[in-house]
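Participant: Residue numbers (the numbering used here), protein chains in the order written: chain L, 501 to 931; chain E, 4 to 279.
It is possible that part of the hints are untrue.
[What the hints assert, rightly or not] Just a sample of chain L residues kept apart from chain E, beta carbon distances all over 10 Å, derived:
(1) V502
(2) W552
(3) G627
(4) P647
(5) G705
(6) A745
(7) P790
(8) S841
(9) A888
(10) L924
[Said to hold, decoys possible] Pairwise CB distance ranges, derived in the manner of DEER restraints:
(11) D590/L / G214/E: 53 to 63 Å
(12) K769/L / A263/E: 58 to 68 Å
(13) D94/E / G671/L: 53 to 63 Å
Note that these hints are calculated values from the structure, not bench results.
The beta carbon of each residue, even a glycine, is placed where N, CA and C say it ideally should be.
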Amino acid sequence: MVERFDAIVVGAGPAGSAAALTLARKGFSTLLVERGRAPGVKNMFGGRVYAWPLAEVLPDWARDCPRERVVTKEGIAFLTEDASLGLTFDSPRLGEGRGASFTAIRAKFDAWLAKKAEDAGAMFITGIRVDDLWRESGRVRGVHVEPGDRVAADLVVIAEGATSSLVRKAGLKADVEPREVSVGVKETIELSAETIEERFSLGTGEGAAYVYAGHASLGLRGGGFLYTNQTSVSLGLVVSSEDLATRKVEVHEVQTKFRMHPSIQRLLKGGKIVEYSAHLVPELGANMLPRLMADGVLVVGDAAGFLINNGYTFRGVDLAIASGVAAGEAAEAARAAGGMSGANLRAYEAALRRRNVLTDLETFRKAPLYLKNPRLFDVYPRLLIELAQRVYEVDGSGKGRILDAVLGESKVEGLSKLTMLRDLLRGARSM
Amino acid sequence: MTGPGATAARVGLRTIVCIKQVPKAQELSVDPVTKTLKRVGVPSEINPPDQNALEAALRLREVHGGEVLVLSMGPTSFDESLERAIAMGADRAYLVSDRALGGSDTVPTANTLSAAIHKIGDFDLVLCGEETTDSSTGHVGPGIAGHLGIPQITYCSEIEVADGRVRGTRMIEDGAETWECALPALVTIDFGCNRPRAPTLTGKIRVKRGGLVTHWSAADLGLEPSRIGLRGSPTIVAKVETVQLPDRKGRIFHEEPAVAVALLLDALRNDGVVRA
């Protein structure tokens, strides 16, 4: 006998769990299936969650949500081989209200959210890989599971993450091209809570989120990140897979050099690396979105390419949760309209727009392409640091004007004034 | 009508598979002081030969239809393994669980399981693993056959059913022998003779929907208190010895490979590990 549900959600990350939770609350019999033996064991992320969509689905989320630290300090720094030029922003207001964000460990956070979906009535099953959509005469009837097993449903929500094969098998997206993805790596480095709070000058429970450019990625397109957890620091990189291939470097070499940078070493000294992980990261934002819906199918979270990297913020989990909720709403609208046809499920797009998911992706649509400009990762960080060196160095040899210093440095780098001006304008427009 | 032999009115084969939940063998050790197995915190699994028995039963069902029922005796934590068996494809499961059964050796265990099989009734075949990885007696299967008064074939690596008879092939020192007997019968299955299937999504859903594991107490089976548990167990564990492995020398040769190999050979010759 074939088991059947109203909806099957494939993948119990933030997008899938939020979708299952919303569907179950709206009275859909819902199955949430996860490939890993537990939620959060198959994925990777830097470490920060923007909280705003949680407030919508779980108004009292803050009561038991496994947070590491509430982010009250943001930082950005340019690195050369031995120097660092940075800007930090400290504000208690960063940690308050709708705009708050926190660092998290995904195994804990994802398990918590999946449990909420289960509490809402979804059936949650782990350790099962879904093979393909089960289709009959063009209509989705459920999912095929290895080996030779299948489960029926009117709606399948694909929440498989960045490397989703179902999206491809559903014909919603072509194969991923190397230029569309970056490689993310992350090391978790254990340090005591006191050490973290002292070195990053944080209050108890407060956290820092830093991004790094320049030598962090050895000049390859991409950047570094650092997030403070309760008793560990997540340090990682997102680097263009194309650049890794052409420059013939392994991503772990880049990561090791990043970790060994003097400004990073000062922060991590004495820490113990307890975890290393790597994952693909979709990189083209709205430019690589698959089709978001088809007859009986919705795509949410990373599988839908909902990721924003504009150079100073990385967003994924918040868009994932918001898209999961939107999928639940779309299913409700489609049910009211008579069924899970692609036309009825178009309500998904409106539900995404209500939460600014598509809108934000479109706003930053140009950012990923702008970030493809290699000068940003190589020439400009060096330029800035050389400039800082000139500005702050007093050796009695006479100081010129700052502008002369900039122009002098740019000549060393072989940059024309026009190129610099053009890059500056493009950057401003894409942000 | 229940009880052995009442197979006429049913289509397909009703197989009862007896399983035990055991600590994962590779994570077990013996406490050198108390001389007992250190079980605390060790993850459990279905006794591996019982997994082969379950797989054999599921394959028979694929050929003949019918149903596969799983039976165990033990604490309610054994539900984990019974549910896993259902997730792998078994139809239902039974657990005999009672404090009065604690401390049972193989004699009351076989007695208890045969009473449960009698209560389930109307079966064609009972399958057991050849032995358990935590006790290694191999007594329980034959004991059940004795209590039920049915024929048995032990240590089978292949099993076929046709025309109301079961045929089992067992490996012996100089080849294989094949035995055949009438149903109902009991067969014990050789460890590693097949590859147990993984749990399926449908199976896991059936477990979640619930209601497939039945619990029975000793009283439900009408078991006589003097014949179960510690009281009914004649076995006495007189002595357990642990083997203390000698310390390794842990000598590392840092020389060039060719030199290091020569030095290693010399050292092994000196210690009498290799000759000449």
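Participant: If a hint holds in the structure, say so; if it does not, say that too.
Facilitator: Evaluated hints:
no. : hint                        : verdict
1   : V502                        : violated, 8 Å
2   : W552                        : holds, 33 Å
3   : G627                        : violated, 7 Å
4   : P647                        : violated, 7 Å
5   : G705                        : holds, 32 Å
6   : A745                        : holds, 35 Å
7   : P790                        : holds, 25 Å
8   : S841                        : holds, 26 Å
9   : A888                        : holds, 48 Å
10  : L924                        : holds, 54 Å
11  : D590/L / G214/E: 53 to 63 Å : holds, 57 Å
12  : K769/L / A263/E: 58 to 68 Å : violated, 37 Å
13  : D94/E / G671/L: 53 to 63 Å  : violated, 38 Å
The earlier numbered hints that this structure contradicts are 1, 3, 4, 12, 13.
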